[in-house]
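> Sequence:
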Amino acid sequence: MPLIPLSWLGQHVDLSAAPDAQALAAALVKVGIEEEAIVPPAVTGPLVVGRVLTLVKETHKNGKTVNYCRVDVGEHNDAPGTGKEPSEVPSRGIVCGAHNFVEGDFVVVSLPGTVLPGPFPIAARKTYGHTSDGMICSGRELGLSDEHDGIIVLTEVFPGREFTPGQDAISLLGLGEEVLEVNVTPDRGYCFSMRGLAREYAHSTGAAFTDPGLAPVRAQRVLVGGDDVAAGAAAAGAEAVDGLFGVQLADEAPIHGKPGCDVFTTRIVRGIDPSAPTPAWMADRLRLAGMRPISLAVDVTNYVMLDLGQPLHAYDLGKLAAPLVVRRAEAGERFTTLDGVERTLDAQDLLITDSPNGALGSRIQGLAGVMGGAASEVSATTTDVLVEAAHFDPVSVARTARRHKLPSEAAKRFERGVDPLLPAVASQAVVDLLVEYGGGTAEGAYLQVGEPSLPSAVDFPLAEVERLTGLQLGEERIVELLEEIGATVTGQGGVRSVTPPSWRSDLSGPAHFVEEVARLEGYDAIASVVPAAPAGAGLSVEQRIRREIGLLLAGAGLTEVMTDPFVAGDDAALGLAEGDERRLRLRLANPLADDAPFLRSSLLETLLGAVRRNVARGMQDLALFELGLVPVAATAKGNAPVAGGARPDEQTLAGLLAATPRQPLKLAAVFTGLAVQAGPLSAARAYDWADAVQTAREVARVAGAQLEVRGVEMAPWHPGRCAELSVDGAVVGHAGELHPRVVEGFGLPDRACALELDLSLLLDKRPREVVKTVPVSTFPVAKEDFAFVVPADMPVARVLECVRAAAGELAEDVRLFDVYTGASVGDGNKSVAVAVRLRAANKTLTNEELAEARAGIIAAAEQRLGARLR
Numbered sequence: 001m002p003l004i005p006l007s008w009l010g011q012h013v014d015l016s017a018a019p020d021a022q023a024l025a026a027a028l029v030k031v032g033i034e035e036e037a038i039v040p041p042a043v044t045g046p047l048v049v050g051r052v053l054t055l056v057k058e059t060h061k062n063g064k065t066v067n068y069c070r071v072d073v074g075e076h077n078d079a080p081g082t083g084k085e086p087s088e089v090p091s092r093g094i095v096c097g098a099h100n101f102v103e104g105d106f107v108v109v110s111l112p113g114t115v116l117p118g119p120f121p122i123a124a125r126k127t128y129g130h131t132s133d134g135m136i137c138s139g140r141e142l143g144l145s146d147e148h149d150g151i152i153v154l155t156e157v158f159p160g161r162e163f164t165p166g167q168d169a170i171s172l173l174g175l176g177e178e179v180l181e182v183n184v185t186p187d188r189g190y191c192f193s194m195r196g197l198a199r200e201y202a203h204s205t206g207a208a209f210t211d212p213g214l215a216p217v218r219a220q221r222v223l224v225g226g227d228d229v230a231a232g233a234a235a236a237g238a239e240a241v242d243g244l245f246g247v248q249l250a251d252e253a254p255i256h257g258k259p260g261c262d263v264f265t266t267r268i269v270r271g272i273d274p275s276a277p278t279p280a281w282m283a284d285r286l287r288l289a290g291m292r293p294i295s296l297a298v299d300v301t302n303y304v305m306l307d308l309g310q311p312l313h314a315y316d317l318g319k320l321a322a323p324l325v326v327r328r329a330e331a332g333e334r335f336t337t338l339d340g341v342e343r344t345l346d347a348q349d350l351l352i353t354d355s356p357n358g359a360l361g362s363r364i365q366g367l368a369g370v371m372g373g374a375a376s377e378v379s380a381t382t383t384d385v386l387v388e389a390a391h392f393d394p395v396s397v398a399r400t401a402r403r404h405k406l407p408s409e410a411a412k413r414f415e416r417g418v419d420p421l422l423p424a425v426a427s428q429a430v431v432d433l434l435v436e437y438g439g440g441t442a443e444g445a446y447l448q449v450g451e452p453s454l455p456s457a458v459d460f461p462l463a464e465v466e467r468l469t470g471l472q473l474g475e476e477r478i479v480e481l482l483e484e485i486g487a488t489v490t491g492q493g494g495v496r497s498v499t500p501p502s503w504r505s506d507l508s509g510p511a512h513f514v515e516e517v518a519r520l521e522g523y524d525a526i527a528s529v530v531p532a533a534p535a536g537a538g539l540s541v542e543q544r545i546r547r548e549i550g551l552l553l554a555g556a557g558l559t560e561v562m563t564d565p566f567v568a569g570d571d572a573a574l575g576l577a578e579g580d581e582r583r584l585r586l587r588l589a590n591p592l593a594d595d596a597p598f599l600r601s602s603l604l605e606t607l608l609g610a611v612r613r614n615v616a617r618g619m620q621d622l623a624l625f626e627l628g629l630v631p632v633a634a635t636a637k638g639n640a641p642v643a644g645g646a647r648p649d650e651q652t653l654a655g656l657l658a659a660t661p662r663q664p665l666k667l668a669a670v671f672t673g674l675a676v677q678a679g680p681l682s683a684a685r686a687y688d689w690a691d692a693v694q695t696a697r698e699v700a701r702v703a704g705a706q707l708e709v710r711g712v713e714m715a716p717w718h719p720g721r722c723a724e725l726s727v728d729g730a731v732v733g734h735a736g737e738l739h740p741r742v743v744e745g746f747g748l749p750d751r752a753c754a755l756e757l758d759l760s761l762l763l764d765k766r767p768r769e770v771v772k773t774v775p776v777s778t779f780p781v782a783k784e785d786f787a788f789v790v791p792a793d794m795p796v797a798r799v800l801e802c803v804r805a806a807a808g809e810l811a812e813d814v815r816l817f818d819v820y821t822g823a824s825v826g827d828g829n830k831s832v833a834v835a836v837r838l839r840a841a842n843k844t845l846t847n848e849e850l851a852e853a854r855a856g857i858i859a860a861a862e863q864r865l866g867a868r869l870r
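Residues 1 to 870 in the numbering used here are what the sequence shown spells out, letter by letter.
The set of hints was computed from the structure by calculation and includes no laboratory data.
Computed from a predicted model, the values in this text were never measured in an experiment.
For each residue, glycine too, the CB sits at the ideal point set by N, CA and C.
Check before you lean on any hint, since a few could be wrong.
Claimed, not checked - Between beta-carbon pairs, the in silico distance windows are:
id: 1; residue 1: Glu330; residue 2: Ala568; range: 55 to 61 Å
id: 2; residue 1: Leu592; residue 2: Asn100; range: 47 to 53 Å
id: 3; residue 1: Gln620; residue 2: Gly720; range: 23 to 29 Å
To be verified - With a cut-off of at most 27 Å between alpha-carbon atoms, the simulated BS3-like pairs for lysine-lysine come out as follows:
id: 4; residue 1: Lys61; residue 2: Lys126
id: 5; residue 1: Lys637; residue 2: Lys30
id: 6; residue 1: Lys405; residue 2: Lys258
id: 7; residue 1: Lys637; residue 2: Lys783
id: 8; residue 1: Lys57; residue 2: Lys126
The task is simple: from the sequences and hints, build the whole structure.
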């Protein structure tokens, strides 16, 4: 997130209304930029300038040589004869281990009470036989640099400047400034710069703003068409043409219909002093903004990037061979980036290359918009510099940065959108700084290859502001606000043509302009009015049933979870056999994690993982469920990638729909451990397969369907304890005890159970007739019990359905109350005991009618099932 030093921001906008970081944060939040943190000053307490009066070298028993110094710190000195170690001149005694200073040097002294970065509080202490009443500081101790071999000698850092003992060193070194860190949303990449943030502050407060992005470019522009070479000689490999360095844009494989680079500029500065230091004010600002100063050429490009928002790169001109070529990588090419990591490139990576030995674009110099390489890196001997400023496609840069895990400062800006008109302005700023502080000489012209792609005009109905926000603003006020953000508004009447500014590529439709108007007018001006719900709106039947299922399961003691749908695709974990359609999964083109590149083909794939994590943390007794969409990979027909930035045509949409797999809504639940805890009046009961089957029945009941149950073999369930659940012959799921290997593989308690239902299919198969109310009969009920002997493999559901059909309208309730197997019913048989409640709606049933109904039930069981009455 951007860090904002107030002194830097104040260079572009009047900050008199925001004297501190808190006030600045309050102003920016009004225009949608949230405060992340306020970074306090790096150093607090008495940090002062000191003059070394005496310096005595002492070698101690441990072999270390230290300096005992008397240092004049002005008003902070000990009085003669009253200090801890008296001296003829008021001063302080300090022990210092550095040896890069002499008597008379001005140094930075932290007195007792100072707190240095770390935090590291300073106090007087006894050391090496003396009382060290403070500390002489190095750049590293103050957080200014990594230099720790020697202390800061102020006359070397600020040559020609005069110092006074006791002078405040915090303001001198820029260490007392608060810094505001803000959170910028991805669509507002222009706020990754002081230029953009200053503009937003001006929007919020009306403060005077000077746009540094409109600074004049004093060099002559040599413009070349987008895919041409700067000159024929450059194409042949000449180093430069008329003081310019050749460039060719050769992106022959745009990844989404847009060129990877539409504008590329180069500037040349010669004769830079390689030992020239970065000016202290620039180094201070870079540190406050979170960047480490490196060298003048590198620091200048970083400074301009942070200031304007345009990433730049400085090359050692002597290490390049013209022309530079912007091209796509060949799959498998290798390149070592500036961080020292060798990377294998992808065919979609956009590269900047040069052309040694006349081989056009043969040597890689950098990943375009992401990071440069070591081959042409600016070094301590560089005198001639080529400054590159270009505009790269956000999508191309974002994919390369993520592919190689390189979230560089340049990539952060390019992938969010950079002003395409900035390259020439930014490179001019770099050249000016190199000439001023490096003593270089700039070439009188610059090369620009290509023309920028600018935002297109949008027809904007002004009435959209009131329709979407309720703000009743006049046409003049709306136009005024749009022009304030830098847009150009033309036309008359209720519909205007609005052209977004070059730095706002995110503004592409009327709703975007409405948001800008509301943001600048003030969100607090929008009334808090709840919109009226349109008549007739409400939940669909499917939505209502889904909610009722969730409430049912929660009321039954199950806990709902939501798991990530990404899996490793391990078929062995669920015991999926060859030919199982669940082995076919969709692979993500850009997975969030390399070890989980697939979309799940079953809810149990991820739900069992959630159960495993809970069990591993000591939760043994669990009943978890999840409702979610599961893609069926076999229904995805082809592949239809869609380029961003434009609405696809009808043919592309048709291909996209065909390539989109069916995604039914599914329900899964897992039960482990105890269903009932042991208590004084009850015994403990563990979950078993019957809990899974009964839960599925209750879900089907809420959905208005009745399940048919029969035993099958289906992974990941136990082959002898798995129930197939169907409605009208269509299989809608399975329930039962999990296979012991699955239980062991996931580390679950023994006899864990699970169910998985296809709710989309279940809802589709449920009866569609309107539910009718049935009067409650006031006539007495008759109860009949039957025990039928049937084959052992016959589903009980068939017996119940046969009895219910035979009883007809008289059947008020049919339920199972016992299943018996034993010698008395014969091998391979079982006895199914059924309780039947019979009642007529309009009369009391006679004995004859009951006998007829009983005989009909028995006859139906014998004829349809081959059963016999026990």
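> Does each hint hold? Answer for all of them.
The hints, checked one at a time:
no., hint, verdict
1, Glu330 - Ala568: 55 to 61 Å, "violated, 31 Å"
2, Leu592 - Asn100: 47 to 53 Å, "holds, 51 Å"
3, Gln620 - Gly720: 23 to 29 Å, "holds, 24 Å"
4, Lys61 - Lys126, "holds, 16 Å"
5, Lys637 - Lys30, "violated, 48 Å"
6, Lys405 - Lys258, "holds, 23 Å"
7, Lys637 - Lys783, "violated, 57 Å"
8, Lys57 - Lys126, "holds, 17 Å"
Violated hints for the displayed structure, listed by number in ascending order: 1, 5, 7.
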